[in-house]
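The numbering used here runs 5 ahead of the 1-based position in the sequence shown.
Any given hint could be a false lead.
[What the hints assert, rightly or not] Across the chosen pairs, the derived CB separations fall in these ranges:
(1) R15 x P131: 29 to 35 Å
(2) F77 x K148: 21 to 27 Å
(3) P90 x D41: 35 to 41 Å
These aren't lab readings, by the way, just hints derived from the structure by calculation.
Using N, Cα and C, we set each Cβ at its ideal position, and we do this for glycine too.
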Amino acid sequence: MSIVNITNIRVLNNPTLFTEDYQFEITFECISPLPDDLEWKIIYVGSSESDQYDQVLDCIMVGPVPSGINQFIFQAPAPNPDRIPPSEILDVTVIIITCSYNEQEFVRVGYYVNNEYIEEELRENPPERVVLDKLYRNILADKPRVTRRPIKWQCG
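Using the sequences and the accompanying hints, generate a full structural model.
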């Protein structure tokens, strides 16, 4: 049984420009106080071919965590486009939020992200080089994929 359960994640700025920060409002319930911090990460998947292009956009520690309902806003910068294969910037990818306790990941929430131009002319005739200030991202916020793993919550 998990001591921490995510009850809601809201994407706060969606859709928006590719270059804008990611903002998630995360609400979770803790059924027993945790003396150590929870480690939260936002990971951008840069390529479907290899995880070498994955980027940890931010990592924060939250804790100690009291029992009850907890909520915070997790903001992270946009991915570095120079670390994404040019052929994969314009396409569907994934953004992942993970949470770990004592270096044990117990939940992973993934969302599909569609990176595209909103201008019809650019969509129909994309330039050879991606124009980042005209590229928008749309997170499919209503269809998260959640993976849970059992962990040891108490040491000793």
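> Which hint numbers doesn't this structure obey?
Replying inline: none
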